[in-house]
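Using the hints provided, position chain Z relative to the given structure of chain H.
Each chain, letter by letter, is given below.
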Amino acid sequence: MRAALALLLLLPALAFGRPATAVRATEIRSAPNFDSAALARLAEGQRLEALERDRGWTRVRDERGNEGWVRMFLLRYADEGTAQPGDSGIMAALNAARTGSSGRQVTTGVRGLDAQQLTSAKPNPAELKKMQGYGASADAAAKFAAQGPLTAQKVAYPKEGG
Amino acid sequence: MSRLPGMLLAAALLAAAAPAAAQFNLNKLLDAAKNVSKATTEIGEPEEIAIGGDLSARLLGAAPLVPNDDLQRYVNRVGRWLASQTERPNLPWAFGVLDAPEVNAFAAPGGYVFVTRGLVARMRSESELAGVLSHEIVHVLKKHHLHAIQKSAQMELANTAISTFSRQDQNTPLREKLLSAGSEVFARGLDKSDELEADRLGVVIAARGGYDAYGLPAVLQTLQAMNPADSSLALMFKTHPAPAERLDALEKMQSLLDAYAAQPQLAARFAAAGR
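Quick note, the sequences are listed as chains H and Z, same order. Going by this note's numbering, the letters in the first sequence line up with residues 1 to 162, in that order. Going by this note's numbering, the letters in the second sequence line up with residues 163 to 437, in that order.
One chain only, chain Z, in its complex shape:
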């Protein structure tokens, strides 16, 4: 992680304990300094994980976990196995089924992945679950949310916050700012190109895990068959390309999908999970 000039770091530390007026001065200082120092900071992994934890805690405030230990453990085993097939196997991966009727799935920086009860209820096999989890895993691998948060939380200010992250208390304005930027990304959605990339690489991760690679396309077809006016789909349809468009994009990968289509779907293990 590249470093901002010491002067800015000191200013940020000061601001962490300072009232709103000093905060305002810090913003002005940073605005002036960014033209000089142009810090292109890549957020470090510990900070990435901390931001993801904050966002996940808020998501769990909107909908708690389904109170079913066996189901939660099952989803964690499937998810962790898939994560092991990727370039970031050692993140503190954690997976959860949210107790919400909406049809959706979420990822937060640092290895947090969520799928709603409403979506799980519409799946027919472990390979379909694997397809959805793999899509979300790609968002983490490629830092799609992290980059969107950085963009919208004013790069320079966020970077300074992050340099001093661990020294700040839980409720500093800067940390709040990152959290609210992250929630906005959940509500507004990622770039379409990020979603299509998550589909494209997600089917590969599911295939690497030994699953029928058609799990994700099958889920997309289930979504495509649903009434788009169904209120449980509202946020997912607002934040993702239409299922038909995603299927059209995946159709270009048919030869890869077919090469791994004979792998297990594990419908029986899925049906038995959490009962």
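Bound-form chain H, shown alone:
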């Protein structure tokens, strides 16, 4: 299991190096901030390749080879139509281990967490106890956060609609 999870984490980052389109007209910038120079105009619906994310920005390359940064919210990813995780490779192997078949059932209730299993599974109180045993105290969690290092901030909840 541990080895399988480790392998999964080595799969290429899914959202990057992938075809994407701009949902609105915008500009490719030289750096991930609004103060940087605009390198090229992007039309709505223009195809791009998305390379990496930094905060609220994604580095992209357009069809003419311009490379730079656009706001992450302006990108939508196209379905490549190629093999997808969950239906191929390691994920399929894990699915097959669980179901004893191809792991390709879409609607039937053999796999662990579909609607049917959720409503018909037998309770596992021993596993619940185990989960509660993993619980962290507030102090332990605070210590772990400080090692991050993470610093707590005061941030108010937004009103509806942000």
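The hints are simulated quantities; they were obtained by calculation from the structure and are not laboratory data. Incorrect hints may have been included.
[As the list claims (entries may be wrong)] Covered stretches of chain Z, as calculated for chain H (at least 3 residues, CB under 8 Å):
1) 222–234
2) 251–257
3) 366–375
4) 392–403
5) 421–433
These numbers were taken from a predicted model, which means no experiment stands behind them. Where a beta carbon is used, it is the ideal one built from N, C-alpha and C, also for glycine.
Same frame as chain H, but now just chain Z:
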């Protein structure tokens, strides 16, 4: 917690030990009484936690925990730290990674939060994990599931069950009824407005915890990039608004997100967890 009339409480106690015929009479009695007493009962915290425990035990019956102590402890530290930044820091918060290839996350009343191995495998940093856990924490804070369960389990009957909850044995029909209503909510999903609220408040909780606030949007973009026909996404897509719609809603919070975007993502600590 407001109280139902004593007569109903007594009837419920009687029914807890009574056969099906008496149960039927209790339902009729409650139907008649609800017009008179209109109890608008808020379920108490101990009962909320008990309902969440029942639901979580069933969820764990569908998929057990990933057998990795270090990974489970890691997720609990991250989750507990986030919960400490909220208005309900003292619930018995418990977090777990389910051993399932599906891409999903769940919350149950009282502080139980689950994320699947399939979803964790698609995350790239602790800030992304924090974004997802924070979304689920909001469901607990706002009692989204609890309210949905109350609604679908026939308010009055459920309330009566809850008044006598601790005195009933584990397998009374009433407790079963709440459990099955809860499982239905997992299978059917919450209202769309609850999900969008969990996104909106979730990014705030992650920012309060000191994380890059873009963790949740990044996960949503990963989901948006996946093939929607992928069977591992079926339940999550059925029970949540489309990732693109959720991203559109979060885009309205860009100025808040940007104010906390320079906080750590902790990709290295995430990659090392559980290995």
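In rising order, the numbers of the hints this structure does not comply with: As far as the earlier hints go, not one is violated by this structure.
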